[in-house]
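Use the sequences and the hints to build the structure in full.
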Amino acid sequence: MIKAKKQLVWFLMLVKRLLCKKTFVILLCLIPVLVPATHSVLQNSKSSILEIALCNPDNDPATEKIIKELTSDEDVISYTITASAENAETLVKSGKVDAAWIFTPELDKKASRAVSGIFKIPLVSVIQQEDTIPLRLSREVLHGAMYSRLSYAIFENFIFEDMQLKGKVSENALQSYYNNEERLDDIILQKPLYENVNSAGENLLTAPLRGMVALLVVLCTLASVLFFLKDRKEGRFSWLSPEKQIVPAFACCLSAAVLSGITVFITFQLSGINSGFFRELISIIFFILGTTGFCLVLCVLFPSPGILGAALPGIIIGMLLSAPIFFNLAGTSFIKWLLPMNYYLYSLYDPGYFPGFAIYCVSSFLIAYVINRIKTKIIFN
Amino acid sequence: MKKTTLLKLRLKKGFKVYPTVLIITVLTLLITAFAGYNALNSFSGGEKKHKATIAVVGDVEGTVLETGLDALREIDSSRFMIDIVNMDEESAVQALKRNEITGYLIVPDSYIQDIFYGRNTPATFVTLSSSQTLGNLLISRVADIMSGLLTEAQAGVYSMQTVLEKNGLAEKIPDATTRLNLTYATNVIGREGLFDVKITGISGLSSGGYYLGAFLLFFLLLMGISFNRLLSVKNTPFYRSLSLSGIKALPQVMCEYFAYFTLSAITVLVFALFFGFFTEKVSPFVPELSGVGPVGCLGFIILIFPVIAMITMMQFMFYEFSDNIIASILIQFLLSVGLGYISGCFYPSGFFPDIVRKTAAILPSGVGFSYLRGALSGGLRFVDFAGVAVYFAVFTAITVAARKRRIAGDAV
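Taken in sequence, the protein lines are chains A and B. Quick note, the working numbering runs 1073 ahead of the 1-based positions in the first sequence. Quick note, the working numbering runs 12 ahead of the 1-based positions in the second sequence.
No lab work stands behind these hints: they were computed from the structure. Here a beta-carbon is modelled for each residue, glycine too, at the ideal position from N, C-alpha and C. Please note that a few of the clues may not be correct.
Cross-link-like lysine to aspartate or glutamate pairs, in silico, EDC-like; alpha carbons within 16 Å at most [to be verified]: (1) A:Lys-1264 to B:Asp-156; (2) A:Lys-1183 to A:Asp-1131; (3) A:Lys-1169 to A:Glu-1203; (4) A:Lys-1182 to A:Asp-1131; (5) A:Lys-1264 to B:Glu-101; (6) A:Lys-1182 to A:Glu-1124; (7) A:Lys-1182 to A:Asp-1133; (8) A:Lys-1166 to A:Asp-1204; (9) A:Lys-1169 to A:Asp-1181; (10) B:Lys-210 to A:Glu-1316; (11) B:Lys-246 to B:Asp-335; (12) B:Lys-210 to A:Glu-1203; (13) A:Lys-1138 to A:Asp-1181; (14) B:Lys-210 to A:Glu-1159; (15) B:Lys-109 to A:Asp-1423; (16) B:Lys-184 to A:Glu-1234; (17) A:Lys-1183 to A:Asp-1133; (18) A:Lys-1450 to A:Glu-1316; (19) A:Lys-1169 to A:Glu-1179; (20) B:Lys-178 to A:Glu-1254; (21) A:Lys-1264 to A:Asp-1133; (22) A:Lys-1166 to A:Glu-1124; (23) A:Lys-1183 to B:Asp-208; (24) A:Lys-1166 to A:Asp-1133; (25) A:Lys-1303 to B:Asp-335; (26) A:Lys-1182 to A:Glu-1254; (27) A:Lys-1169 to A:Asp-1133; (28) A:Lys-1095 to B:Asp-335; (29) A:Lys-1448 to A:Glu-1316; (30) A:Lys-1138 to A:Glu-1179; (31) A:Lys-1094 to B:Asp-335; (32) A:Lys-1169 to B:Asp-366; (33) B:Lys-210 to A:Glu-1162; (34) A:Lys-1241 to B:Glu-177; (35) B:Lys-178 to A:Glu-1159; (36) B:Lys-184 to A:Asp-1235.
Pair ranges (Cβ atoms, derived) [said to hold, decoys possible]: (37) B:Glu-101 to A:Ile-1154: 43 to 53 Å; (38) B:Pro-306 to A:Ile-1154: 42 to 52 Å; (39) A:Ser-1145 to B:Ser-122: 32 to 42 Å; (40) A:Trp-1312 to B:Asp-335: 23 to 33 Å.
Right, here's the structure in full:
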């Protein structure tokens, strides 16, 4: 009980000390203002992965319909309409667009020839500076938009050529059969692995905000570890035995983690990046404890503030890469589960991660305690 | 004290902490290089490069679907972008959680038969909602398109059955259905033939070159944190005594800054030299590096010295403003990740809405990135240099003003 009281006094004292740092407080207050504003701008604005120039040089009505279909769905690709093929090519060469799609005249007629026989007649001239994976996937989008016409052409060819019903069935009748055929709903449904999470409204640009802001908690806590190591180096904790210096170290980590954790929690509540109040609350409490444990381990491992300070960019990059913030890289599993960020980000989507998170918190405190004991015994015996 | 003595003193102090910074920065660079390599891989085409992996869940052995999947693996153009593997659902869920696959497709047992007979028992494509990454977004879009293709093909097959039935050819329906389905499959597999793809060659910067520039910019932005031990300590009484002895705010700032810039420049030059030996390995991703050896890399770094100077001055300015180590690291982090994010270090700037793109372009990171891109593509313009120079001058002026206030005794 007395020990717990001592810890609490340390904690409150260090919180007060941190709150006296003007710049630190200003920065913490800025985050709940800046992040929701950024989120709002990114969420409500149009953005795309690729910019493609569309060209219908002969104003073909069939092509016009395809262009209309493409431009009605600009979530991944955005389009620019150009009048001439030369203009489209210039746009590609100048780097203003990633590719140009120039449609052939009389598309419907040529589609019929294109789908019969082994050798295909190109229907679209694609101009690109280079052939990247997003650009290859964009051609799937183009094929998808053209497919209704191609599918009809295949059907028509089959009836007239293969089944030799030309003359027996009129073109209008075929068209009417095809158009009136009842389409099944989606044949491939898409669902997220964690369905109960409200991630609606999050897109490619807004999704990383959560990870980036959460990284602040780890960074603030690490910075407070530097603060502690500097104080210790200057002898401010000399009155405590080396083994007991872990107590102020713990309080130091916890104070920074709590202050930044509260800031992050408020930020997410204000910005609408939210998976439910209680889940967010429980996750952030675990995250604060996990971060405190992780930073405490680093605190007992790193001998001086200089080395830890120099290591900070590496730790930040390690977290940015191993956590699902920007890249979601495979092959980082080993690093991933050593860092508290991943438990936090995954537990927001899947409560199944909470037991693992709890084990992580407890074991990090234990590891810090054991390393501290071993270190002080080796150094002072 | 003379100005040269102060400069020597600052350099000596800098080199005292430098070995630690250099070792740790080497480690940082290795991790960053790993990230850069992955980013380049995921944005470049090519058979042996990074592909998205999709698992198919369900018993497909000996079914038409197995033939279809084999066709996708062996002859379809998607084989350059997507790897298809078979798994049971439990393994697929675990693999998805570990990011080993982009998603998995649950195929009901009678999926193909049901499509033939017009019953809808949809397949389900499951992705990880916790990662709205570029790869996931594109693969989800492709899954949408595939669904559309199947629906259209179905309409064609059912219409054909109706036509045959109405023309007294009902007995031909089973055989015709198989043949039409095959025609549809052949056409989908040969879809690349519908496009006449013309590659003009890179006239500006390749996507690999873009990412190299982004990687360099982010690295420069983050490097400021490594030097926190050197820069976060503020000794106001010492500054005052220097001021009294005739070394005013400007020379004080310039001596300190020069030491920091020298260490940063040496770090980048060492890496460039090291990197120069591996450029041929990277050149398939970054064509701009083709034929560039260690000397060429050193030349490039010298060319981008103005950007290094501007970024280091910006970092120095923010260190001047912060009164403690926590705040200074926090500022450097917010600067590097925030500016790096909106300036296109993680996603190409083209992904961002117009307003963000335009704002990012006039920020120091945007101006610096424009200079880096120009230097990489060989199209450096005077306006890039002017932007960097103006920012350098502004940051210097603000830093000197802040130091003056510190010396005068006002809180900064």
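Hint check:
{"no.": "1", "hint": "A:Lys-1264 to B:Asp-156", "result": "holds (12 Å)"}
{"no.": "2", "hint": "A:Lys-1183 to A:Asp-1131", "result": "holds (14 Å)"}
{"no.": "3", "hint": "A:Lys-1169 to A:Glu-1203", "result": "holds (14 Å)"}
{"no.": "4", "hint": "A:Lys-1182 to A:Asp-1131", "result": "holds (14 Å)"}
{"no.": "5", "hint": "A:Lys-1264 to B:Glu-101", "result": "holds (14 Å)"}
{"no.": "6", "hint": "A:Lys-1182 to A:Glu-1124", "result": "violated (29 Å)"}
{"no.": "7", "hint": "A:Lys-1182 to A:Asp-1133", "result": "holds (11 Å)"}
{"no.": "8", "hint": "A:Lys-1166 to A:Asp-1204", "result": "holds (14 Å)"}
{"no.": "9", "hint": "A:Lys-1169 to A:Asp-1181", "result": "violated (30 Å)"}
{"no.": "10", "hint": "B:Lys-210 to A:Glu-1316", "result": "violated (70 Å)"}
{"no.": "11", "hint": "B:Lys-246 to B:Asp-335", "result": "holds (8 Å)"}
{"no.": "12", "hint": "B:Lys-210 to A:Glu-1203", "result": "holds (9 Å)"}
{"no.": "13", "hint": "A:Lys-1138 to A:Asp-1181", "result": "holds (11 Å)"}
{"no.": "14", "hint": "B:Lys-210 to A:Glu-1159", "result": "holds (13 Å)"}
{"no.": "15", "hint": "B:Lys-109 to A:Asp-1423", "result": "holds (10 Å)"}
{"no.": "16", "hint": "B:Lys-184 to A:Glu-1234", "result": "holds (15 Å)"}
{"no.": "17", "hint": "A:Lys-1183 to A:Asp-1133", "result": "holds (12 Å)"}
{"no.": "18", "hint": "A:Lys-1450 to A:Glu-1316", "result": "holds (8 Å)"}
{"no.": "19", "hint": "A:Lys-1169 to A:Glu-1179", "result": "violated (28 Å)"}
{"no.": "20", "hint": "B:Lys-178 to A:Glu-1254", "result": "holds (14 Å)"}
{"no.": "21", "hint": "A:Lys-1264 to A:Asp-1133", "result": "violated (38 Å)"}
{"no.": "22", "hint": "A:Lys-1166 to A:Glu-1124", "result": "holds (13 Å)"}
{"no.": "23", "hint": "A:Lys-1183 to B:Asp-208", "result": "holds (14 Å)"}
{"no.": "24", "hint": "A:Lys-1166 to A:Asp-1133", "result": "violated (25 Å)"}
{"no.": "25", "hint": "A:Lys-1303 to B:Asp-335", "result": "holds (15 Å)"}
{"no.": "26", "hint": "A:Lys-1182 to A:Glu-1254", "result": "violated (22 Å)"}
{"no.": "27", "hint": "A:Lys-1169 to A:Asp-1133", "result": "violated (25 Å)"}
{"no.": "28", "hint": "A:Lys-1095 to B:Asp-335", "result": "holds (8 Å)"}
{"no.": "29", "hint": "A:Lys-1448 to A:Glu-1316", "result": "holds (9 Å)"}
{"no.": "30", "hint": "A:Lys-1138 to A:Glu-1179", "result": "holds (13 Å)"}
{"no.": "31", "hint": "A:Lys-1094 to B:Asp-335", "result": "holds (8 Å)"}
{"no.": "32", "hint": "A:Lys-1169 to B:Asp-366", "result": "holds (14 Å)"}
{"no.": "33", "hint": "B:Lys-210 to A:Glu-1162", "result": "holds (10 Å)"}
{"no.": "34", "hint": "A:Lys-1241 to B:Glu-177", "result": "holds (13 Å)"}
{"no.": "35", "hint": "B:Lys-178 to A:Glu-1159", "result": "violated (49 Å)"}
{"no.": "36", "hint": "B:Lys-184 to A:Asp-1235", "result": "holds (12 Å)"}
{"no.": "37", "hint": "B:Glu-101 to A:Ile-1154: 43 to 53 Å", "result": "holds (45 Å)"}
{"no.": "38", "hint": "B:Pro-306 to A:Ile-1154: 42 to 52 Å", "result": "holds (47 Å)"}
{"no.": "39", "hint": "A:Ser-1145 to B:Ser-122: 32 to 42 Å", "result": "holds (34 Å)"}
{"no.": "40", "hint": "A:Trp-1312 to B:Asp-335: 23 to 33 Å", "result": "holds (26 Å)"}
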